[in-house]
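Fit chains R and F to the supplied structure of chain U, relying on the hints for placement.
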Amino acid sequence: MKPSTVLIVDDSRVSRMLTRQHITVRHADWVIEEAANGNDALVIARDLQPDLVLLDVNMPGMNGVDAAAALREMLPNAHISLLTANVQAATRQRAEAIGVGFMEKPITAERIAQLIAPLEA
Amino acid sequence: MIRLSDLEHDALVELFNIGVGQAASAMSEIVSETVTMAVPAISFLNRAAAAKLLASKSTGSGRICGISQRYSGAFDTDAILMFPEEKSQEIVRLMVGQAMPLDELTAMEQEAMSEIGNILLNSCVGALANIIGHELHGSLPDYHVGYSQDILALSGDSETVVLMLHIEFVVERQQIAGDVAFIMDMSALQDLKQHVALYLARAFGGEQP
Amino acid sequence: MSRGAGSLPLLQLVLDCIGVGAIVLDAERRIVLWNRWMSQHSGVLGDETQDRNFFDLFPEQRDKRLDGAISQALRNNLPSLLSQTLNRWPLPLYASKSQAEQGERMHQALTVSPLNMDDGQRFCLIQVSDVSAAVQRENLLREQAMALRSQTLLDDLTGVANRRHFDMAIDREARRARRMGTPLSLMMLDIDFFKAYNDHYGHQQGDACLEAVASALSTMQQRPADLFARYGGEEFAVILPDTPAEAAVAMANAMCRKVHDLRIPHQASHSSERVVTISIGVASTDASHPGEAYDLINAADRALYQAKACGRNRVESA
Chain U
28 MKPSTVLIVD DSRVSRMLTR QHITVRHADW VIEEAANGND ALVIARDLQP
78 DLVLLDVNMP GMNGVDAAAA LREMLPNAHI SLLTANVQAA TRQRAEAIGV
128 GFMEKPITAE RIAQLIAPLE A
Chain R
3 MIRLSDLEHD ALVELFNIGV GQAASAMSEI VSETVTMAVP AISFLNRAAA
53 AKLLASKSTG SGRICGISQR YSGAFDTDAI LMFPEEKSQE IVRLMVGQAM
103 PLDELTAMEQ EAMSEIGNIL LNSCVGALAN IIGHELHGSL PDYHVGYSQD
153 ILALSGDSET VVLMLHIEFV VERQQIAGDV AFIMDMSALQ DLKQHVALYL
203 ARAFGGEQP
Chain F
9 MSRGAGSLPL LQLVLDCIGV GAIVLDAERR IVLWNRWMSQ HSGVLGDETQ
59 DRNFFDLFPE QRDKRLDGAI SQALRNNLPS LLSQTLNRWP LPLYASKSQA
109 EQGERMHQAL TVSPLNMDDG QRFCLIQVSD VSAAVQRENL LREQAMALRS
159 QTLLDDLTGV ANRRHFDMAI DREARRARRM GTPLSLMMLD IDFFKAYNDH
209 YGHQQGDACL EAVASALSTM QQRPADLFAR YGGEEFAVIL PDTPAEAAVA
259 MANAMCRKVH DLRIPHQASH SSERVVTISI GVASTDASHP GEAYDLINAA
309 DRALYQAKAC GRNRVESA
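Chains as they are written, first to last, in my numbering: chain U, 28 to 148; chain R, 3 to 211; chain F, 9 to 326.
The following block holds chain U by itself, in its conformation from the complex (with noise of 0.2 Å):
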């Protein structure tokens, strides 16, 4: 199997270094890069073409959903994911609108393979 690109976006160090882990363990030989905001995000993305994004809502700048967006478009067959502990009615129907998936924070092992989940068929 090939191995899969995946693009962290947190503004905190000790999650993007969680995500990484629970990857890591499961597939040592993907590639991962980190933003720690939206804008970044962005920038490294056009370059990066990542199989996988998973973003942070709560970023100061530009915020997780509209950075989302913004990713959808660029790369309309990538898998992107945005994670919060906030899991209120509009963000979810907003991400759903978007066209990206949604999971809640905290983030954990069972989590991570979830979202992981469609790059590994």
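Worth flagging that the hints you see were computed from the coordinates, not collected in a lab.
Small disclaimer: the values here were computed from a predicted structure and weren't measured.
Fair warning: there could be bad hints in the mix.
Stated by the list, open to error - Under 10 Å between C-beta atoms, here's a sample of chain R residues computed to sit facing chain F:
(1) Met29
(2) Asn120
(3) Pro143
Cβ atoms here follow ideal geometry from the backbone N, Cα and C, with glycine treated the same way.
Quick look at chains R and F alone, frame taken from chain U:
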């Protein structure tokens, strides 16, 4: 003053963001409106400096509504959610949808603020307790009104440390800024730092708790 | 176990005597205690509840605040408060039989607390209080405060005279002017492109803009009988007794200039200058052209409309 490493600091900020995110979820359920909450920054101060900081941020009368809960177990702390008095009125009005044309919060409105404090503080402390793997015992909320130094003087002494969370609360596109103070003594702060360090070691060291 | 204060039968009597509802759930959320107060006010007897899942009995509470609070207690050992204000009538409880028949639920405040037994088992205690009396007192308080407020003559936001004050004053001055044969002038003014301002900067800043404009203009009236009032949302009115048309127009022009010179930024303004401006309509009556209050208001309104049509940031007179 005990200092946290960058990673420990980051872990705490992320933890509290998860906590207030869950609290926002719960509150939006109550008011059927979009509610978002975030903790953009945390800081460690002594009690006098904390009181000064709060006083410097106030724009209205300077009076603050504080909802406090006492926690003990893995570490001991008095946690206080604080909003300027006029902002507390705004919050209750937004959550309840009914205005009371008085300058002070009525008994029922105080109870509503107490519940908001209860939800938010339990969420923060709960998120912390879950991640560090130890339980805490908590009290029901108490409501206070006064100036910042009086509210913070509710517990501890001049040696106490305050872990201050700055909170941004958005309801119905109204943005309201508040603060949460965790008042602890040095040994409690040490316990907290140790627990966070252990959590990081477990999460990234692959060790068993 | 000794008899007396520590004995189980005595404690059961106490529980069935107290004036609050007490429910205890085990870790699986099954009901293990349901005191007499609960039976009396829910119509569900203790026997019927034994070992039943709480959410089978109250399915509409699933995933709501109470469910979350029970989880907080059982899983995290933390207590919760459910205020009456934010959680109206969570449980189907009634203060009396007649209220039950009418389907009028009791106003309730709940607390949920963890209980830790020595053997490590955890339970949670739900206490229910009837707060109907407190709610009634607050409703009365609100009505009285509202009544008191409506008797005032000042606008809440800006502190200038309110509409009620204006309505009384214009009537009074119009009658007086007719009686005495003196001139009476009225200005109607409003903030140009105010809706766009609100949409662009938000309502809080819109309020601040209203306050700033009112503050700047209300100090310009010279005489005690002159009245500057908030007529509506972004509309103000100025009553000038004993003032002929020319003087009123001169003052209106000064007011227009003053607001313009405040230079309050208005990025969403359709005018080229992008600052907050006002338009003013002036109407007057005098001995030769007497009029009723409503004639004067209509004329000033038409003049205001004219000022808008002619490009705003100006004064027109009837």
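These are the hints, each one checked on the structure:
1. Met29: holds, 9 Å
2. Asn120: holds, 5 Å
3. Pro143: Holds, about 6 Å.
The structure shown violates none of the earlier numbered hints.
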